[in-house]
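> Sequence:
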Amino acid sequence: MSSRVIFTMLTGCLILVSLMAAPAYAQSPTAEPVAVAKPDLHFLMRFYAPLQAPIKIDDKLVIFQPREGGYVSGPRVKGEIVSPTADWVRTLPDGTMRIDVRSLVKLSDGSTVLVTYGGVLAKPAAESWERFMSGKRISAPEWYYVVAPNFETSSQTFGWLNGIQAVGKFVSIQTGPEAHVAFDIYEVR
1 MSSRVIFTML TGCLILVSLM AAPAYAQSPT AEPVAVAKPD LHFLMRFYAP LQAPIKIDDK
61 LVIFQPREGG YVSGPRVKGE IVSPTADWVR TLPDGTMRID VRSLVKLSDG STVLVTYGGV
121 LAKPAAESWE RFMSGKRISA PEWYYVVAPN FETSSQTFGW LNGIQAVGKF VSIQTGPEAH
181 VAFDIYEVR
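Quick note, the sequence shown lines up with residues 1 to 189 if you use this note's numbering.
Everything labelled a hint here was simulated from the structure, so no lab data went into it. Incorrect hints may appear among the rest.
As the list claims (entries may be wrong) - Pairs of lysine-lysine residues, derived as BS3-like cross-links and limited to a Cα-Cα distance of at most 25 Å, are as follows:
hint : residue 1 : residue 2
1    : K106      : K169
2    : K136      : K78
3    : K60       : K123
4    : K136      : K123
5    : K56       : K136
Note that the structure is a prediction, hence the values are computed from the model and not measured.
From just these sequences and the hints, can you work out the full model?
Here you go:
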(Lines of atoms letter the chains of each structure in order from A and count residues from 1; the text may use other names and numbers.)
(Lines give C-alpha, C1' and ligand atoms only; values in the text may rest on other atoms or scores of the structure.)
Protein backbone atom coordinates (compact mmCIF):
# COMPACT_ATOMS: atom_id res chain seq x y z
CA MET A 1 0.00 0.00 0.00
CA SER A 2 1.15 3.49 -0.75
CA SER A 3 1.86 5.98 2.01
CA ARG A 4 -1.01 8.14 0.73
CA VAL A 5 -3.52 5.28 1.17
CA ILE A 6 -2.20 4.52 4.65
CA PHE A 7 -2.41 8.21 5.61
CA THR A 8 -6.00 8.43 4.32
CA MET A 9 -7.02 5.29 6.26
CA LEU A 10 -5.40 6.55 9.48
CA THR A 11 -7.04 9.97 9.11
CA GLY A 12 -10.43 8.31 8.62
CA CYS A 13 -9.92 6.16 11.72
CA LEU A 14 -8.94 9.19 13.81
CA ILE A 15 -12.05 11.07 12.71
CA LEU A 16 -14.27 8.06 13.52
CA VAL A 17 -12.70 7.63 16.98
CA SER A 18 -13.08 11.34 17.77
CA LEU A 19 -16.75 11.26 16.78
CA MET A 20 -17.36 8.21 18.96
CA ALA A 21 -15.66 9.92 21.91
CA ALA A 22 -17.60 13.18 21.50
CA PRO A 23 -20.01 14.09 24.32
CA ALA A 24 -23.58 12.90 23.86
CA TYR A 25 -24.95 16.44 23.51
CA ALA A 26 -22.67 16.98 20.52
CA GLN A 27 -24.11 13.90 18.77
CA SER A 28 -27.78 14.10 19.65
CA PRO A 29 -30.14 16.72 18.21
CA THR A 30 -32.40 16.23 21.26
CA ALA A 31 -29.74 17.02 23.85
CA GLU A 32 -30.05 20.13 26.02
CA PRO A 33 -28.51 23.15 24.29
CA VAL A 34 -25.62 24.86 25.99
CA ALA A 35 -26.50 28.39 27.17
CA VAL A 36 -24.96 31.21 25.15
CA ALA A 37 -22.88 33.63 27.22
CA LYS A 38 -24.00 37.07 26.07
CA PRO A 39 -21.59 39.84 27.13
CA ASP A 40 -22.82 42.60 29.38
CA LEU A 41 -21.31 45.95 28.32
CA HIS A 42 -20.86 48.91 30.70
CA PHE A 43 -19.72 52.33 29.47
CA LEU A 44 -16.16 52.95 30.63
CA MET A 45 -14.94 56.05 28.81
CA ARG A 46 -14.87 58.23 25.72
CA PHE A 47 -11.42 58.11 24.09
CA TYR A 48 -10.76 61.25 22.00
CA ALA A 49 -7.50 61.96 20.16
CA PRO A 50 -6.88 64.93 17.84
CA LEU A 51 -4.44 63.69 15.20
CA GLN A 52 -1.32 65.05 13.52
CA ALA A 53 -0.84 64.55 9.78
CA PRO A 54 -0.30 60.85 9.06
CA ILE A 55 3.15 59.41 8.42
CA LYS A 56 2.92 57.23 5.32
CA ILE A 57 5.46 54.41 5.42
CA ASP A 58 4.28 52.76 2.18
CA ASP A 59 1.02 51.97 0.37
CA LYS A 60 0.01 49.54 3.12
CA LEU A 61 1.17 51.17 6.38
CA VAL A 62 0.34 54.58 7.86
CA ILE A 63 1.19 55.83 11.37
CA PHE A 64 -0.92 58.40 13.23
CA GLN A 65 0.22 60.34 16.30
CA PRO A 66 -2.03 62.50 18.46
CA ARG A 67 -1.75 66.25 18.92
CA GLU A 68 -2.21 67.88 22.33
CA GLY A 69 -5.72 67.87 23.72
CA GLY A 70 -6.47 64.15 23.66
CA TYR A 71 -8.37 62.74 26.61
CA VAL A 72 -10.26 59.85 28.15
CA SER A 73 -13.37 60.64 30.16
CA GLY A 74 -15.88 58.39 31.85
CA PRO A 75 -17.77 57.89 35.13
CA ARG A 76 -14.74 56.25 36.84
CA VAL A 77 -11.79 57.26 34.62
CA LYS A 78 -10.44 60.63 33.52
CA GLY A 79 -7.10 61.50 32.01
CA GLU A 80 -5.14 63.00 29.14
CA ILE A 81 -3.43 61.22 26.26
CA VAL A 82 0.33 61.90 26.33
CA SER A 83 3.42 60.87 24.37
CA PRO A 84 4.51 58.35 23.36
CA THR A 85 1.31 57.34 21.59
CA ALA A 86 0.74 56.12 18.04
CA ASP A 87 -1.65 54.16 15.84
CA TRP A 88 -0.24 51.86 13.17
CA VAL A 89 -2.84 51.30 10.43
CA ARG A 90 -2.17 48.51 7.93
CA THR A 91 -4.34 48.07 4.83
CA LEU A 92 -5.02 44.50 3.70
CA PRO A 93 -5.45 43.51 0.03
CA ASP A 94 -9.28 43.66 0.26
CA GLY A 95 -9.24 47.21 1.68
CA THR A 96 -9.91 46.20 5.29
CA MET A 97 -7.64 48.01 7.74
CA ARG A 98 -6.12 46.55 10.92
CA ILE A 99 -4.92 48.86 13.65
CA ASP A 100 -2.31 48.38 16.34
CA VAL A 101 -2.34 51.12 18.99
CA ARG A 102 -0.10 51.95 21.94
CA SER A 103 -1.38 54.91 23.94
CA LEU A 104 -0.14 56.39 27.19
CA VAL A 105 -2.72 58.12 29.37
CA LYS A 106 -1.93 60.29 32.40
CA LEU A 107 -4.78 59.63 34.84
CA SER A 108 -6.44 62.04 37.24
CA ASP A 109 -4.33 60.77 40.17
CA GLY A 110 -1.08 61.52 38.27
CA SER A 111 -0.37 57.87 37.46
CA THR A 112 -0.16 56.50 33.95
CA VAL A 113 -1.90 53.67 32.13
CA LEU A 114 -0.70 52.00 28.95
CA VAL A 115 -3.66 51.34 26.66
CA THR A 116 -2.99 48.79 23.92
CA TYR A 117 -5.47 47.62 21.38
CA GLY A 118 -6.00 46.09 18.01
CA GLY A 119 -8.99 46.69 15.85
CA VAL A 120 -10.70 46.35 12.50
CA LEU A 121 -11.83 49.05 10.10
CA ALA A 122 -13.98 47.48 7.41
CA LYS A 123 -13.63 48.89 3.94
CA PRO A 124 -16.18 51.72 3.88
CA ALA A 125 -18.58 52.51 1.07
CA ALA A 126 -16.92 54.51 -1.72
CA GLU A 127 -18.92 57.66 -0.86
CA SER A 128 -17.88 57.53 2.82
CA TRP A 129 -14.24 56.95 1.87
CA GLU A 130 -14.25 59.95 -0.50
CA ARG A 131 -15.77 62.15 2.21
CA PHE A 132 -13.21 60.92 4.74
CA MET A 133 -10.28 61.56 2.39
CA SER A 134 -11.57 65.09 1.66
CA GLY A 135 -11.53 65.99 5.38
CA LYS A 136 -15.19 65.43 6.20
CA ARG A 137 -16.24 63.91 9.50
CA ILE A 138 -17.38 60.26 9.34
CA SER A 139 -19.59 58.85 12.10
CA ALA A 140 -20.26 55.36 13.42
CA PRO A 141 -23.16 54.29 11.21
CA GLU A 142 -21.05 54.90 8.10
CA TRP A 143 -18.04 52.78 8.98
CA TYR A 144 -17.45 49.55 10.91
CA TYR A 145 -14.52 50.35 13.21
CA VAL A 146 -14.19 48.25 16.37
CA VAL A 147 -11.33 47.95 18.90
CA ALA A 148 -10.47 45.75 21.90
CA PRO A 149 -8.44 47.74 24.47
CA ASN A 150 -6.38 46.32 27.32
CA PHE A 151 -4.95 48.36 30.18
CA GLU A 152 -1.76 48.21 32.23
CA THR A 153 -1.09 50.42 35.24
CA SER A 154 0.58 50.34 38.66
CA SER A 155 -1.92 52.87 40.04
CA GLN A 156 -3.56 51.84 43.32
CA THR A 157 -6.64 53.86 42.38
CA PHE A 158 -7.00 52.51 38.84
CA GLY A 159 -5.47 49.04 39.26
CA TRP A 160 -8.89 47.52 38.55
CA LEU A 161 -8.31 48.43 34.86
CA ASN A 162 -5.67 45.67 34.68
CA GLY A 163 -8.33 43.03 35.29
CA ILE A 164 -10.88 43.95 32.63
CA GLN A 165 -11.32 43.43 28.91
CA ALA A 166 -12.82 46.31 27.01
CA VAL A 167 -14.34 46.75 23.57
CA GLY A 168 -14.92 49.97 21.73
CA LYS A 169 -16.89 51.31 18.80
CA PHE A 170 -15.76 54.41 17.04
CA VAL A 171 -17.89 57.55 17.36
CA SER A 172 -16.23 59.73 14.71
CA ILE A 173 -13.11 60.12 12.63
CA GLN A 174 -11.86 62.97 10.48
CA THR A 175 -8.79 63.98 8.48
CA GLY A 176 -7.51 67.46 7.65
CA PRO A 177 -7.28 70.44 10.03
CA GLU A 178 -9.87 68.94 12.41
CA ALA A 179 -8.33 65.44 12.27
CA HIS A 180 -9.36 63.26 15.19
CA VAL A 181 -10.61 59.85 16.20
CA ALA A 182 -13.14 59.21 18.99
CA PHE A 183 -14.28 55.91 20.51
CA ASP A 184 -16.74 54.90 23.18
CA ILE A 185 -15.09 52.18 25.26
CA TYR A 186 -17.07 49.58 27.22
CA GLU A 187 -16.06 47.17 29.96
CA VAL A 188 -17.12 43.60 29.15
CA ARG A 189 -18.68 41.86 32.15
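> All the hints need checking, so say for each whether the structure fits it.
Here's how the hints hold up against the structure:
Among the hinted pairs, K106 with K169 is consistent with the structure: their alpha-carbon atoms are about 22 Å apart, no more than 25 Å. Only pairs whose Cα atoms come within 25 Å are accepted, and K136 paired with K78 is rejected, the gap being roughly 28 Å. Restraint check for K60 and K123: the C-alpha separation of about 14 Å stays at or below 25 Å, so the hint holds. Between K136 and K123 the CA atoms are separated by roughly 17 Å; this keeps the pair inside 25 Å, and the hint holds.
Of the pairs offered as hints, the one joining K56 and K136 holds, with about 20 Å between alpha carbons and a cut-off of 25 Å not exceeded.
Hint check: a violation occurs at hint 2 only; the rest are consistent with the structure.
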